[in-house]
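Undergrad: Starting from the known structure of chain A, arrange chain B on it as the hints suggest.
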Amino acid sequence: MSKRRSFDLRSQPGFTFVALLTFFMLYLPIAALVVYAFNAGSSMAIWEGVSLRWFYSAASNERVQEAAMRSALIAVCAALIATVAATMAAIATTRTKPYPGLTFKYAFINQPLMVPEIVTAVALLIVFSRIKVWTGYSGLGYLIAAHAAFCIPFAYLPIRARLESMDLTLERAAADLYATPWKAFRHVTLPLLRPGIIAGFMLAFVISLDDVVITEFVKSGGQDTLPTYMLGQLRRATSPEVNAIATVFLLFSVVLVTAFFFINRRKA
Amino acid sequence: MDTASEVAKRAERADVRSRWLLSAPALLVIFFAAVGPLFVMLAYSFMVKGDYGDVKPGEFSLDGWFSVFFQRDIFDDTVGLADAHLSIFWRSVKLSLITTMLALAFGFPTAYFIATRPARTREVWVFLITIPFWTNLLIRTFAMQEVIRNEGILNTLMMWLGLIDQPIQLMYTDAAILFGMVYVYLPLMVLPLYASMEKLDFNLVEAGYDLYATRLRVLWRIIIPLVRPGVIAGSILVFIPSLGAYVIPRVLGGGKNMMLGNLIELQFGAGRNWPLGAAISITLMAIVMLALLVYVRNEARSGAQNV
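These protein sequence lines are chains A and B, in that order.
Residues in the first sequence are numbered consecutively from 1, following the working numbering.
Residues in the second sequence are numbered consecutively from 269, following the working numbering.
The shape of chain A in the complex, shown without the other chains (with noise of 0.2 Å):
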């Protein structure tokens, strides 16, 4: 053993290295897209030193204000949505044996991660693009029904592995001292649950907030959110404010997934 101790058996030449400038390479460009959203200068060429001049002409930008608010609006109306239904759906297909319709009810509630963004994109443009002729209505309704569906499946995720490390046992005590069904769900299931739903709650939200590509080709005129208003900023001559916008996003999103990971981690 002694004369081993030099010898690492899980080292690999040269890995160590690799891994290292992989981590580096993975926040170089998020640290260099924050350092700039701090640049007093107007271009995003020269740095002409430290400024908050770029988060405060976000913030007072009316068209940003909007954008931040349809967002929030959205993500949260597609989280409740897609927590609700995704919390039923597992009930329906977990601690059960296999029955008739189980195996195709996975398939579809994972749809949405199978089909590739844009193709669901257009789809979508195509349905909804007449639905809106036909109805005359053209609201946030479509925005909130596309995200929901695609937030479903990572709603799911995480309730379903809870009610999976969860047996019957208790509620059968419920129905054994005369619960209704509702009332074993709404005393026992569902505090047991309840750390399942908020982690899925929280995907949704965040999965709904980041959305580019199919809000971009459903939306319809003047229903920016803030993804896709950054988008259209792009195309012109850019600006630090959006980097600013995209710091505070990142920030939001950062501290979304933080609190997601210890929660989870809780749990386990």
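No lab work stands behind these hints: they were computed from the structure.
Incorrect hints may appear among the rest.
So, partial list: chain A residues that the calculated Cβ filter (under 7 Å) puts toward chain B [claimed, not checked]:
1) Phe15
2) Thr16
3) Ile30
4) Ala89
5) Ala107
6) Phe108
7) Leu113
8) Val115
9) Ile118
10) Leu140
11) Gly141
12) Ala145
13) Met166
14) Gly222
Now the stretches of chain B that chain A is said to cover, found in silico as 3 or more residues with beta-carbon under 8 Å [said to hold, decoys possible]:
15) 355-368
16) 493-503
17) 537-544
Using N, Cα and C, we set each Cβ at its ideal position, and we do this for glycine too.
TA: Okay, now just chain B, sitting in the frame of chain A:
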């Protein structure tokens, strides 16, 4: 009088029925805003294109599918291959394959590095991979732009080092798309690789060294074969979104360097050829489904191995 088995059967049927009712909202939302529209699109691919976009209702033709791969000469009506489309198909496949290989080249050592850390720090490294994964794709694409634009970090650094005198034009090239896709999809390679490396049995590695294998031989003959399911899973998870990429080539590739996603958008926008756009979309989806089939079979097999 009912027999006990009939009562049980009826209870079971009621259970299945209530389970269908419970899953109905999720299934309906997905049907209305994801699956259903795909079938409408399939129908659209067989219709006649409208003069200002959309389609002419009730008129059917195979022109949409025909023009995915072929084109008719305007003057003498001869049929030739649609070079523009085929070159975009080829570029998409080529760039996605290169992306996958580069992601593997960087992702494999990274996953191995994480898997060989002590258990407590391992979680932190995984977390560091997960954070970029959950941040906005557009923002990460935009961040890559900061690195590769003419006044960006890469050019500044290389000029400072004296490697080049003039900035290299990287933006709006295929290289820019590659940079962006490797950067954005790398976590999708690292995570499944790590999942299979975590279970790696280092006794086998030790046995290899005991039998006088070199490091390279151990890597090639022991480690890589053992983590092969992770390699396949990661590669497919990177390949699929690369092939369907839309935002990255739009932002970093500019208007000229299109990939399939942008070709599809073009048909629904300025191209005003919805049947063709629908046909290309379905072709793209079919390729992705094939890749997924390989993925699912790989997962099933590696799952069976672990049992």
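Undergrad: So, A:Ile118 near chain B? Judge it on the closest CB pair being under 7 Å.
TA: holds (4 Å)
Undergrad: Tell me if the interface restraint on A:Thr16 is satisfied: Cβ within less than 7 Å of some Cβ in chain B.
TA: Given a least distance of 6 Å, the restraint on A:Thr16 holds.
Undergrad: When the nearest CB of chain B is found for A:Gly222, is that gap smaller than 7 Å?
TA: violated (18 Å)
Undergrad: Under 7 Å, Cβ to Cβ, is where A:Ala145 needs to be relative to chain B, so tell me if that hint holds or is violated.
TA: holds (4 Å)
Undergrad: Are A:Ala89 and chain B close enough, Cβ to Cβ, to be under 7 Å, as the hint says?
TA: Holds, because the Cβ-Cβ distance from A:Ala89 to chain B comes to roughly 4 Å (cut-off 7 Å).
Undergrad: Hey, does the A:Val115 contact hint survive, CB to chain B under 7 Å?
TA: Status holds, d = 6 Å.
Undergrad: Should the hint that A:Phe15 touches chain B count as held when the rule is a Cβ pair under 7 Å?
TA: holds (4 Å)
Undergrad: At least three residues with a C-beta closer than 8 Å to a C-beta of chain A: is that true for the stretch 493-503 of chain B?
TA: violated (count 0)
Undergrad: Taking the closest Cβ pair, is A:Leu113 under 7 Å from chain B?
TA: Hint violated; A:Leu113 Cβ to chain B Cβ min 10 Å, cut 7 Å.
Undergrad: Once the shortest beta carbon distance from A:Gly141 to chain B is found, is it less than 7 Å?
TA: At about 10 Å, which exceeds the 7 Å cut-off, the nearest Cβ of chain B leaves the hint on A:Gly141 violated.
Undergrad: Less than 7 Å between beta-carbons is the criterion; does A:Leu140 satisfy it with respect to chain B?
TA: violated (13 Å)
Undergrad: Hey, does the A:Met166 contact hint survive, CB to chain B under 7 Å?
TA: violated (16 Å)
Of the numbered hints stated above, those contradicted by the structure are hints 5, 7, 10, 11, 13, 14, 15, 16 and 17, listed in ascending order.
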